[in-house]
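Colleague: Hey, can you work out the whole structure from these sequences and the hints?
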Amino acid sequence: MSPTKPISASVQSAVADLLAELCAKSGCEALGLERENFAAVLCEVAAKYLAGTGHGDARAFLLTLRVEELALARACAAGSNSAWEVFLNRYREKLYQSALRIAREDSAARDLADSMYAELYGTTTRGGERVSKLASFMGRGSLEGWLRTVLAQEFVNRYRRTKRLVSLDEENEEGEQFAAPETQALPSADSRLESATDAALGSLASEDRLVLAAYYLDGRTLAEVARMLGVHESTISRKVDKLAKLLRKKITAGMIQRGMSRRQAEEALQVDVRDLRVNIRSTLTQEAPAGAFSDNKDAL
Amino acid sequence: MQDVPKIAIRRLRDAEIAEGHPDANLLTAFAERSLAEGEQARLVTHLATCRDCRDVIALALPPTEEVALAAVSSRTGDGWFSWPVLRWGFVAAGVLVVASVGVVQYKQAQEKSKSDLAILTARNAAPAERQAISPPAAEARVAVPQAAAPKPAEGLKKLQSNRPLRGSFSAAGTAKMATPTATTPAPGRDDGVPSSSQMVEVQSEAAPAATARNAVSDQLIASNAQTVQAQAVTQGDVVKAKPAAPLTPSVVLDPANSPLQKEMQPPRWTISSIGALQRSFDEGNTWENVSVNPTAGQSKLATAAAETYGKREKNDWSPPSSSLVFRSVAALGTEVWAGGSGGALYHSGDSGAHWTRVVPSSGEAVLSGDISRIEFSDLQHGTVATSTGEDWLTSDGGLSWRRQP
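As they're listed, the protein sequences go chains A and B. Using the working numbering, the letters of the first sequence map in sequence onto residues 1 to 300. Using the working numbering, the letters of the second sequence map in sequence onto residues 1 to 405.
Derived by calculation from the structure, the hints in this document are not laboratory data. Some hints could be false.
[As the list claims (entries may be wrong)] Listed next, with one range per pair, are the computed distances between beta-carbon atoms:
| no. | chain 1 | residue 1 | chain 2 | residue 2 | range |
| --- | --- | --- | --- | --- | --- |
| 1 | B | Asn293 | A | Glu21 | 49 to 59 Å |
| 2 | A | Gln97 | B | Ser100 | 34 to 44 Å |
| 3 | A | Ala108 | B | Gln404 | 27 to 37 Å |
| 4 | A | Val231 | B | Ala15 | 20 to 30 Å |
| 5 | A | Leu100 | B | Ser291 | 32 to 42 Å |
| 6 | B | Arg402 | A | Gly219 | 17 to 27 Å |
Glycine is no exception: its CB is placed at the ideal position from the N, C-alpha and C atoms.
Modeller: If you want it as structure tokens, here you go:
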């Protein structure tokens, strides 16, 4: 396996320092993964996520990895039958359960789980070598959590693809294929209101915007947003309440700064300038191509 | 509670992007709280503008029982003094302190009301005072909570007209009912009142012109008459009934400003910082948590209502889960509406003594999402708004609902 990024000297020395310890911890050799190959895996992972770090940081990073699961996943990807047996014993049922929880319907869950098995096992080949999705597991989180995430990504990709196809079909049936843009028929918001709103939203912390987006755009409940962020539901409830008040205050102040009177600003905020209708065209132009998740190799 | 302005929601949506997605490893590490600070910040910035990644995170969450364990063990090796453990320790300590204060205050209030009752009983034992609570005053007690004229017949009629939730009083009203709203009787109350059949009799004498009643409304009117009648039976019964349920302002035992009279005022309502529904009978000095779990008697009536209107299955009236977080409450006199997470909407007609779960629906549409705002301009006209942008309106006190497009 070849790393996507060059390996710095500090990473190499940190791996060399910790190799014996991490090999023992991971049980890589018992799973059929030799020390040298495991060292290469560790270098690949560190190079992917560490940029310009020193020896100490590289050591600390390597010690945070889930090395046992990393060794198992990479041994499976390398074709070790014993590793694959261990993997199936531990994760086969969990994979199906996760697929069922995500798809919420038995046949769709089986379809999702089966296609994921094929990708994990490596039914496709590249240059004569079997390509397994497990080769992209990096040990940053648990293998079980990673399996849930890749299932969810696959599900979201399929759903987005289906939605686009259904939307286009519906438009064709209804004769709206060449419908004129709707924007001209709708009243536009005062530009001062929009710019004050953008400024207010821009001043929020990313986590606050995340909470608002998850709650108001995605329609998630307080409990779901709280679980996503690992906090209590009441924390999110308070945060949403606080953000609503803060945004009103900031938007009003912003409009006043832009030349409106307080009364005008408050009236502008009260009026629903346009409905939040589902605009299929703008939604389609905003969504990413189908292969965004599977093809993307960029990390943050 | 205020909502985020719709213009802000629209601009949030316009700012969504769909590129530069993090890989599954980073998303997993985010969910398991094992990212470094800088990575976490970058990922949160991306998640704030990427619906697909937010969906993946939400879908990939582990089963609920594992989340609590993961949150605690996300920093394994830090032991008892790690921040997550300490944080929950502080929360637990805070809850304990608040609960202790609440129990102490409740006990004090109980003792205060007992001493008030003792004073009142002693006062009522005096012949001169007994005169003041003679049949004419008892008649006044039968008056409607919202009415000023105390004649029993008129009072009961007015009770009916002012409380449409308790049944339909016209044929048109019956047709409108799309959602069965269970009523709030108190069949289990042990206050020595006559049986409901007697109450129905009294009622029909009092209001022979009432039309289009149904079994549910009869029981409700009976229960309301029961509530009012209980106070007219004897002073002792009135005194005994007082702690069981809040009485209405027009039920006067003593024209003077007695502590007991103050307690008959409709309570104030609020939502605590952790989303608990609370009320205060002493103008905000002390507050008590209010549970909305329906009683066994209510469930029977709720089932009867469901059967009558054939719209809801029994499990729709099941008690809420312990994770219910209230976000909005509106009260007019003794009529209270409270709503919160998961579309939970509750109504009480007796200042919170009894509650009914209400599920607004119109055709195939059912209210979904968290309830973020409840407004009632009067007993009949109200609006319930949700976090998903739905507005549900009623113009008949909650008997029927329509979703505003």
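Colleague: Any hints from earlier that this structure breaks? Give me their numbers in increasing order, please.
Modeller: none
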